[in-house]
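There are 2 protein chains.
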Amino acid sequence: MHRFYKLISNSFEGLWGSRRSGELDWLTFVPVSALASIIFAGYLYHYVNRQDSGSDRMREIADAIRIGANAYLRRQNSALAVFAGVMAVILGLAFSNLHLSLAYLLGALCTAAASYFGMNAAVRANVRTANGAVKGLSRALPVAYFGGAVMGLSIVGIAVLGMSILFYIYSLLYGDMETALDTILGFSFGASSLALFAKAGGGIYTKTADIGADLVGKVELGIPEDDPRNPAVIADNVGDNVGDVAGMGADLTDSYIAGTIAAMLLGARIYHSPIYIVLPLMVKAIGVVSSMLGTLFVRFGIRGSPGSALNRGTYAACIIFSILLYVVISLLNLGGLGLGIFSAIIAGLVAGIIMGLTTDFFTSIDRGPVKRTAESSKTGAAINILSGFSYGLLSIIPPMIGIVVAILAAWNISDIFGLNHYYGISMAAVGMLAVLGSVIAADAYGPIADNAKGIAEQSGLGEEVIEVIDRLDAAGNTTKAISKGFAIGAAALQVLALFFAYSEEVKIPRVINLMDPNVLGGILIGAMMPPVLSALLILAVGKNAFRMVEEVRRQFREIPGLMEGRSKPDYARCVDIATAGALKELILPGILSISVPILVGFTLGKQALAGFLGGCIITGIIFALMMANSGGMWDNAKKYIEEGHFGGKGSEAHKAAVVGDTVGDPFKDTAGPSLNTMITVMALSATVFAPFFL
Amino acid sequence: MHRFYKLISNSFEGLWGSRRSGELDWLTFVPVSALASIIFAGYLYHYVNRQDSGSDRMREIADAIRIGANAYLRRQNSALAVFAGVMAVILGLAFSNLHLSLAYLLGALCTAAASYFGMNAAVRANVRTANGAVKGLSRALPVAYFGGAVMGLSIVGIAVLGMSILFYIYSLLYGDMETALDTILGFSFGASSLALFAKAGGGIYTKTADIGADLVGKVELGIPEDDPRNPAVIADNVGDNVGDVAGMGADLTDSYIAGTIAAMLLGARIYHSPIYIVLPLMVKAIGVVSSMLGTLFVRFGIRGSPGSALNRGTYAACIIFSILLYVVISLLNLGGLGLGIFSAIIAGLVAGIIMGLTTDFFTSIDRGPVKRTAESSKTGAAINILSGFSYGLLSIIPPMIGIVVAILAAWNISDIFGLNHYYGISMAAVGMLAVLGSVIAADAYGPIADNAKGIAEQSGLGEEVIEVIDRLDAAGNTTKAISKGFAIGAAALQVLALFFAYSEEVKIPRVINLMDPNVLGGILIGAMMPPVLSALLILAVGKNAFRMVEEVRRQFREIPGLMEGRSKPDYARCVDIATAGALKELILPGILSISVPILVGFTLGKQALAGFLGGCIITGIIFALMMANSGGMWDNAKKYIEEGHFGGKGSEAHKAAVVGDTVGDPFKDTAGPSLNTMITVMALSATVFAPFFL
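Sequences listed follow chains A and B, in order. For the first sequence, the positions run 1 to 694 when this note's numbering is used. For the second sequence, the positions run 1 to 694 when this note's numbering is used.
Worth double-checking, as some hints may not be accurate.
Each computed DSS-like pair below joins lysine-lysine, with the alpha-carbon atoms no more than 25 Å apart [unchecked claim]:
1. A:K655 x B:K568
2. A:K639 x A:K218
3. B:K639 x B:K371
4. A:K655 x B:K135
5. B:K507 x B:K218
6. A:K543 x B:K639
7. A:K655 x B:K655
8. A:K371 x B:K378
9. A:K218 x B:K655
10. A:K649 x B:K639
11. A:K218 x B:K543
12. B:K378 x B:K568
13. A:K507 x A:K218
14. A:K218 x B:K639
15. B:K371 x A:K378
16. A:K584 x A:K568
17. A:K507 x A:K543
18. A:K649 x B:K378
Calculated from the structure, these hints are not laboratory results. Values in this document were obtained by computation on a predicted structure and should not be read as measured data.
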């Protein structure tokens with residue numbers, strides 16, 4: 001191992017001369033810290049797995065979920081394999097570049113592996129969390145959190161490891177970092193393709209199962225949620241894992257990789273100096289280490305409320321990151337530029353946290369918007385919908401202003417320190433997602449707690465245990481809202497960095513003129529894409545849910561004794577229908593995301609394509625935020641009523657709130673979060689194919 | 001009169017020398033044709049008024065509506081008077097220019113007068129249409145259509161008369177057309193201020209009354225729609241007139257004026273030649289004459305279906321317009337430029353018609369989207385909402401592409417004929433709204449037929465008569481959908497022309513760079529405005545409807561014998577509550593529309609403000625189209641079910657569709673159409689205050 005590093009180090013020394021030999025030691029630190037993160041994730045996986053998984057009944061349910069989730073992933077991954085294979089061939093042929101194809105495949109593979117690994121931890125942590133809850137909160141919380149941390153740490157570890165190794169090898173091969181970067185764009189494109197499948201496909205899957213289970217079970221037959229007689233119940237539990245764990249993880253990773261590579265590209269095109277190319281990777285490595293250390297802070301302070309314990313992990317990671325970053329940048333001796341880069345990164349990080357916290361205001365169950373939406377349910381479903389939709393629209397204000405402030409801050413910081421403006425903004429984007437490991441850990445915790453609740457209810461663990469899990473679950477909703485606001489805002493800034501990188505790639509002289517008719521046309525067409533893709537995804541859920549409803553009804557009709565609990569439903573068939581439908585419905589939006597940018601580039605030109613990406617980003621953020629937040633608001637408004645307000649469960653207000661919640665489901669779990677990925681895919685498609693529009 | 005024209009002509013001859021004395025005759029044609037249109041509108045008003053207004057009971061109901069509508073308008077206009085007075089003083093002081101203040105006041109006054117006149121015709125036509133229906137379709141249709149035509153013709157007549165007279169006088173006063181134009185911007189700003197009150201205020205009013213009447217009447221007490229026992233029933237009927245007649249008219253006029261003045265401004269700044277400044281006014285005058293003649297074609301062909309008779313009027317106007325325009329432009333002897341201008345105008349007109357027709361696909365009761373939304377109601381309200389929302393998002397595709405094609409066509413036409421590009425696009429915008437008189441006539445027909453139905457039901461005119469009116473009403477829905485698609489698309493192009501005019505005003509060297517951080521910040525903030533304003537308007541309807549519901553409940557509780565029909569409700573109080581609330585709720589969005597552009601201009605600069613306007617236009621079109629179309633779709637999906645499909649009236653599917661319809665109400669009648677006006681107000685606010693950002 002040491003010899004290998006020596007070899008790499010020596011080769012790099014050759015690459016950029018002996019001018020800055022000190023930074024080489026830092027560079028080797030990148031894959032090392034990534035490996036450490038993966039190993040630590042493995043340790044946490046082992047920790048989770050060591051916990052007792054409870055009674056036979058619990059194990060049985062958990063096994064069904066695990067098997068269903070794996071069945072989904074297997075099917076998704078084989079569809080992906082075909083797709084990625086075709087894309088790799090197209091890329092290879094179009095650019096006559098086998099390395100690009102390989103990088104593409106590796107990107108898809110790495111993300112697939114990370115989400116597979118993370119989801120496997122989640123489907124083991126859920127039942128163990130439920131069992132831990134029997135012994136109390138302080139036993140259940142670490143299991144759920146560390147289950148999520150496996151996802152968080154393995155995903156950032158694998159992403160950073162993949163990027164850095166690939167970059168090493170190609171830089172060696174080409175003897176030139178800049179050419180290596182073009183190839184590595186393929187890695188990012190591959191990761192995004194996987195994310196498209198994982199997030200949009202998983203998003204359709206999870207809501208298909210959820211709506212299917214609810215409409216027949218709760219509404220038509222009046223059996224409770226998570227009732228084992230419902231044939232779609234396992235599909236529903238599986239959905240939480242494939243959509244919220246694997247999907248969300250893949251989505252964030254895709255932004256994470258795209259932002260890093262955009263900054264590296266800008267570093268190469270603007271500074272033509274190795275250190276600026278490698279710096280984004282190093283920042284991410286520091287973030288990986290900080291997230292790892294942050295995890296421990298959750299462990300050491302579980303006494304208080306679970307919510308604040310979880311947030312402590314993220315805050316600790318941020319503080320550790322800032323300190324380490326300062327030390328590393330000082331040691332690199334970059335002078336004023338170094339201070340500028342440090343400030344831009346911290347500005348991005350702070351903007352990200354503020355976005356997360358303010359978004360929380362609109363979706364938190366204790367605040368005005370949710371309460372007023374709940375109250376409006378008294379006058380019926382329509383007013384509940386209107387209220388949630390309106391507050392969802394208002395909720396875009398803080399993150400939009402947050403993004404504007406982050407851009408202007410990074411720009412002015414760059415001005416002060418003589419840093420290139422676009423590099424400065426891209427470093428702010430890198431900073432915003434630096435502690436992604438911690439953010440994903442807190443986010444994946446949510447569905448684990450949710451699943452634990454389902455398992456506890458299906459296996460009859462009793463009121464007391466369920467109350468403990470409810471407290472875990474409520475904390476999960478808050479962390480989930482924060483990380484969603486954070487994720488969407490961050491994704492926007494990453495894509496913006498990609499947009500700048502695209503402009504550098506096509507050598508537009510930093511002017512994309514809004515008064516040029518092609519640019520204007522590009523912007524309008526680009527702005528049209530996010531709403532159109534959202535519509536396609538929402539309609540996909542509707543169509544697929546319809547198939548699911550038919551199947552659930554069929555099983556209740558044809559399986560004798562099912563309603564009385566004397567026989568078992570065919571869970572696997574429901575999982576299968578949701579899976580096949582989700583992948584089928586994904587074809588059209590997937591093709592549009594990849595092909596429309598290329599089409600615009602060929603017909604209206606590269607300037608128009610830049611406008612197109614700009615248009616995508618603008619409406620993409622707005623629709624993603626609006627849908628994520630109004631969905632969260634409707635969900636919590638329903639929960640608020642269920643807590644006993646405005647008539648409580650079963651009241652007219654509750655019925656109205658259930659309508660809102662159902663409308664919100666595909667908003668917040670399918671269309672909203674998929675937009676990030678689709679915008680990234682469009683931006684990457686434009687950047688990768690940029691050479692053709694020159 | 002002749003001496004006055006001689007005076008003006010002579011003065012103008014002095015103004016632009018004797019170089020092109022021939023065009024002077026054409027110029028005098030502008031106010032003459034505008035006056036002719038107003039006189040013809042007066043004749044139609046007289047025609048409508050001459051018809052029999054039916055039984056005492058019918059007259060009584062119609063009087064209540066008329067009195068309520070006038071009460072609303074009076075109240076709106078006195079609030080407007082205060083507002084306009086304050087704004088006029090601010091403008092006068094800020095620019096030390098009394099003429100600007102006067103032009104502003106005149107603009108507000110003209111539009112107020114036109115909408116007052118038009119609405120008075122509508123509230124007389126409704127009862128006479130109902131009575132005409134007793135004698136058959138061919139008696140009722142002309143009354144309803146000519147009632148609408150009064151609005152259409154008087155509004156374009158007054159707008160063109162106001163603009164041309166003001167332009168004459170100020171050009172004389174200053175001895176310079178270009179300075180005169182700056183002042184006339186004030187006229188447009190005044191017209192937009194009125195439109196803001198009329199459209200947004202009227203939109204809040206109409207849905208307050210509608211939801212208030214439905215929620216207590218239909219849902220809680222189970223009494224039919226338009227039942228005279230419902231205290232809110234008159235307020236509801238009034239709402240159709242203040243929102244759909246006066247509001248829609250004011251909204252379109254505001255775009256109409258803004259587009260004309262933008263083209264005049266561009267003509268002045270680019271060509272510095274009188275003919276190019278005056279040409280947009282002349283084109284509008286040709287359009288006014290064509291609309292007038294088009295009206296007659298409806299009269300002469302009522303045999304067929306009412307829908308095609310109405311459309312015949314618009315198509316006839318388009319054809320007459322094209323021929324007249326060609327003749328006039330040929331006579332002006334502008335050579336190649338003339339042909340370029342002609343082609344750009346026709347391109348705009350054709351794009352407008354195509355936008356209207358394709359939008360119809362998404363809202364027509366006979367087409368897939370409405371039917372599928374209706375079908376989805378079988379699975380409940382949530383799926384109905386999701387389906388309508390999704391198709392609403394998809395419905396933006398044709399008009400968005402239509403706008404892009406119009407821009408690119410006008411650009412390329414300008415290229416071919418050597419015309420200035422921005423002037424070419426602004427002439428396409430002028431062409432798109434040229435036959436506005438016909439469009440408004442067909443649009444205002446809708447609420448008249450709707451009101452006639454209400455009156456027929458309340459006065460017990462019997463099934464047969466109501467069936468006749470139902471046919472009139474159905475035709476109205478189609479023309480309304482077409483003109484809405486047309487109006488929103490056209491408004492976008494007008495604002496785009498204003499955006500170019502703004503760029504000329506602030507002397508940006510035709511580069512608004514998307515990669516400048518201030519521009520980018522401006523775009524993001526601008527893009528945020530339409531969704532935020534929509535949210536405020538929707539919440540306003542919710543709040544105001546809540547007050548209305550309380551009042552209706554109070555009357556049923558406190559007025560003895562009301563439910564049994566023994567005593568009369570207090571209609572006036574309901575009208576009053578809806579009015580006061582609508583104006584109160586308008587304050588915040590109104591202030592934001594005027595002040596945010598100024599704020600952006602002062603803090604981020606003129607380039608950022610250009611970006612801001614660009615951002616506004618982008619999301620403004622998308623949200624306006626989406627809300628207008630999904631609203632129309634939900635409405636028609638409900639009607640489709642009421643026709644007997646999927647279980648018909650009273651079925652579960654119908655209940656679900658009613659939820660969708662209620663959600664759609666503030667979408668299509670409040671927020672959606674108000675966005676046009678608000679964007680125009682923002683663009684004008686930016687353009688008027690442009691001198692401060694230089």
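Hint check results:
| no. | hint | result |
| --- | --- | --- |
| 1 | A:K655 x B:K568 | violated (35 Å) |
| 2 | A:K639 x A:K218 | holds (16 Å) |
| 3 | B:K639 x B:K371 | holds (10 Å) |
| 4 | A:K655 x B:K135 | violated (48 Å) |
| 5 | B:K507 x B:K218 | violated (57 Å) |
| 6 | A:K543 x B:K639 | holds (23 Å) |
| 7 | A:K655 x B:K655 | holds (13 Å) |
| 8 | A:K371 x B:K378 | violated (30 Å) |
| 9 | A:K218 x B:K655 | holds (19 Å) |
| 10 | A:K649 x B:K639 | violated (32 Å) |
| 11 | A:K218 x B:K543 | violated (32 Å) |
| 12 | B:K378 x B:K568 | violated (39 Å) |
| 13 | A:K507 x A:K218 | violated (57 Å) |
| 14 | A:K218 x B:K639 | violated (29 Å) |
| 15 | B:K371 x A:K378 | violated (30 Å) |
| 16 | A:K584 x A:K568 | violated (28 Å) |
| 17 | A:K507 x A:K543 | violated (44 Å) |
| 18 | A:K649 x B:K378 | holds (24 Å) |
Checked against the numbered hints above, the structure violates hints 1, 4, 5, 8, 10, 11, 12, 13, 14, 15, 16 and 17; every other hint is satisfied.
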